[in-house]
Amino acid sequence: MKRLNIALIGTPNSGKTTLFNALTGATEKVGNLCGVTVECIRGICSFSDIEFHIHDLPGLYNLIPNSPDEGIVKDALIKGRFDKIIAIIDANNIERNLFPVIQLLEFVKIPVILVFNMMDEVRKKGMMVDTETISRILKTPIVPAAVAGCEGLNEILNLLKEDLPANSFSLPVDPKIDSLMTEFSGRHQAVMEKIPHDPKWFLINFCENDHYAKKAAADSGSYGLFETFRESVEILALRDTEIYFSSARIGYIKGLLKETVVKRPARKNNGKDIHDRLDSLFIHPFLGFLIFLLAIFGLFWAVFSLGAPLQNILERLFGLLSAGAMKLSSVKGIPAGISSLLSRGIIPGIGSVIIFLPNIMIMFLLLSFLEDTGYISRAAFLMDKLMHAAGLHGKSFIPFMLGFGCNVPAILATRTLDAKKDRILTVMVMPFIACSARLPIILIFTSAFFPRHKVLVIFGLYIMSILTAFLSAVIFKRLFFRKVESDLIIELPPYRLPKPEYMFKEMWMNVREFLKKAGTIIFFSVVIIWALASFPGDVPYASETTVLGRIGHFLAGFFTPLGFGNWKAAVALVTGFVAKEQVISTLGALISSGSGDIIEHIRGLFPPASAFSFMVFSMIYTPCVATLAAIRKEIGVKWMILNAIYSVLLAYTTAFIVYQIFGRVTA
Amino acid sequence: MCISGKPRLKRSRWNRNVTLTEAKSGQTVKVESIMGGQMMVKKAMDLGLRPGVVLVVVQNAFRGQMVVKIEDLKLGIGRGIAVKIVVEPVKR
Ligand SMILES: Nc1nc2c(ncn2[C@@H]2O[C@H](COP(=O)(O)OP(=O)(O)OP(=O)(O)O)[C@@H](O)[C@H]2O)c(=O)[nH]1
Ligand SMILES: [Mg+2]
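As they're listed, the protein sequences go chains Z and A. Per my numbering, the first sequence starts with residue 1, numbered consecutively. Per my numbering, the second sequence starts with residue 1001, numbered consecutively.
FYI, nobody ran anything at the bench for these hints, they're computed from the structure. Ideal Cβ positions, reconstructed from N, Cα and C, are used throughout, including at glycine. Where hints are given, some of them may not hold.
Said to hold, decoys possible - With a straight-line cut-off of 30 Å between C-alpha atoms, the simulated DSSO-like cross-links for lysine-lysine are:
| # | chain 1 | residue 1 | chain 2 | residue 2 |
| --- | --- | --- | --- | --- |
| 1 | Z | Lys125 | A | Lys1024 |
| 2 | Z | Lys214 | Z | Lys516 |
| 3 | A | Lys1069 | Z | Lys420 |
| 4 | Z | Lys272 | A | Lys1084 |
| 5 | A | Lys1024 | Z | Lys263 |
| 6 | Z | Lys516 | Z | Lys327 |
| 7 | Z | Lys200 | Z | Lys214 |
| 8 | Z | Lys272 | Z | Lys139 |
| 9 | A | Lys1024 | Z | Lys505 |
| 10 | A | Lys1069 | Z | Lys327 |
| 11 | A | Lys1091 | Z | Lys516 |
| 12 | Z | Lys258 | A | Lys1069 |
| 13 | Z | Lys385 | A | Lys1084 |
As the list claims (entries may be wrong) - Here chain A is said to cover these stretches of chain Z; the calculated rule only asks that three of the stretch's residues, wherever they fall, bring their Cβ under 8 Å from a Cβ of chain A:
| # | stretch |
| --- | --- |
| 14 | 383-395 |
| 15 | 510-516 |
All chains should be modelled from the sequences, with the hints used to inform the complete structure.
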């Protein structure tokens, strides 16, 4: 079978991942905001005896990158060996979307297929695009498409398998500058040979201050030569070369679109469409804020209340299972160990976490709803001042929201931030955002100890998690980067009706991850915990004289000042380092004697003040292994170590203070 | 760094230019120049805020972040960037 490498390139939010999913059958994350995809994703699509290896890349506005996610695209283009490229643009804004595509055409010498996406929306607006003429001028095939509705997919596939002529586009520039470039590359042939790119493209890129080009120029050993060239272009262009070339490109695009794109001129309602009217509510300085608070309140309310009935059913189910497993011990032929493993270890351990699956499902469903409608960018816009007050960038708000689901993708999502310092700051405080793995802890403890003030305590804990993040941001900023001021500039995408099937697919992906975790890491740790708690066999299960009891006793000493010097709590916290769900699964395996629900048992284990302190501690202390790995990957091992130490210290002090205050009050 | 639409020309008429922050909600303005650090200017240009572009101010209230609309594209802009964008009012 023939194998072809295909890259998907285009501006953010233009539908690259939607097309990728449609072609490969994958369920990669799609969302109505810029910067959903932040790494190169591969997938395979077989069509008429050809195996297409498709690479979905992050979106970018300019092939001269600002942020790391854009850098990934440039790297892929330079290093990757692609056979064809699909360049996607959102036809709602052809002018701006064409910019990186023109840059792409200047660079690559392989066939490029242009996809004008979102034609459904374009038609609705009454806009007309003459793709044939544009295609003729650019000498590239263009497919008008609406990939979300599978329109244009067949044309794209046909073009993919066809033999297309290689792209031969060249940006028209001032003849004087053009001849300067030709002359330069002719005169310095030896130098230009060291550079494995088209001379004209390379010179333009150098003049545009591209890092990559500058580095290649320095590597060739003749940096000065290029710099002199740049200066002579500057003299001819009468302005900064960077501006000159981007203006040339924009001028070219404007000329191209002048005759080929027709917009419907006058619109009803003072030119205000539905999006404007929605925006006059959602981004209103006061109303918008109010709506935002309500939305967040609604989100958490739905997670906790709508999930409750299902959660009860699951709880009962696991109770029955556990009771059934107990009875196994009286059946002949089954060793007592098996019954104990099931009824004391696995079922209560895994069960205590799985019962929260409904809540977690609702959480992910609603988060993807906020993303797919396009609201989340508005929320980030509204929060800008608040985020600024904490020293964070307004855009950091989007990763924060994702962090309520899971911190790991949220940390990756910070790649869309331009300034390195903003990114470090956001990543460093991300673990304080209470992810869905901490939800079981919150729910079990509030139901056990604060049944009457449940809502209040839950909200209090979430607010605490946000405040911890903010305060830590202030501290880190003071300590490490005094002066960073990067202001917000963010695209507010059009409102779109989310497709329920997408939302459910995405939720299912998250649920699958969760179940996988429950079936692997959590399962094995529960088995290990059970084994250690049953050994030696002549003492009762999970008593202080078991191996685990002894280990736990040693650990518990550290936590005595915080009010939970209980060995089971200590063990639970240590296992929680692997995955935060395990705080609960371990407790489940250690305290439920095979009957009754975990809430009853937990109530017996902690006095209220210690329970509160335990909750606070488990919300703040060291991020789980996966999060630490993500931190290391994004900002380096030093920051990761600092993060681990800082969060333990912070958790310890906060829990200590909470215990002291709360202990006095209740006493 | 400062980039402007007409680089080597001094404006001869009276100067009607204001910063974007002074434009009112609903007003249509044309971007004259953008000042600021190189990164910021490039980012603004990439998002379509370039000299010569005509935009509508959608929201500018209470000294907060602003919203502008270029063609069909809405941008949220922090005040810190908006003060660095010089615009000229356009009559419709
Ligand atoms: N109306 C319409 N919406 C579309 C179409 N294609 C994609 N969308 C929507 O556009 C939004 C962005 O789609 P994505 O596929 O995530 O875009 P992307 O280019 O991968 O974005 P980044 O990963 O952020 O660069 C989603 O809300 C899609 O549902 C289309 O043909 N028509
Ligand atoms: Mg994507």
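Consistency of the hints with the structure:
no. : hint                 : result
1   : Z:Lys125 / A:Lys1024 : 27 Å, holds
2   : Z:Lys214 / Z:Lys516  : 46 Å, violated
3   : A:Lys1069 / Z:Lys420 : 28 Å, holds
4   : Z:Lys272 / A:Lys1084 : 28 Å, holds
5   : A:Lys1024 / Z:Lys263 : 26 Å, holds
6   : Z:Lys516 / Z:Lys327  : 28 Å, holds
7   : Z:Lys200 / Z:Lys214  : 14 Å, holds
8   : Z:Lys272 / Z:Lys139  : 37 Å, violated
9   : A:Lys1024 / Z:Lys505 : 44 Å, violated
10  : A:Lys1069 / Z:Lys327 : 69 Å, violated
11  : A:Lys1091 / Z:Lys516 : 61 Å, violated
12  : Z:Lys258 / A:Lys1069 : 20 Å, holds
13  : Z:Lys385 / A:Lys1084 : 18 Å, holds
14  : 383-395              : holds (count 4)
15  : 510-516              : violated (count 0)
Comparing the model with each earlier hint shows violations of hints 2, 8, 9, 10, 11 and 15; every other hint is respected.
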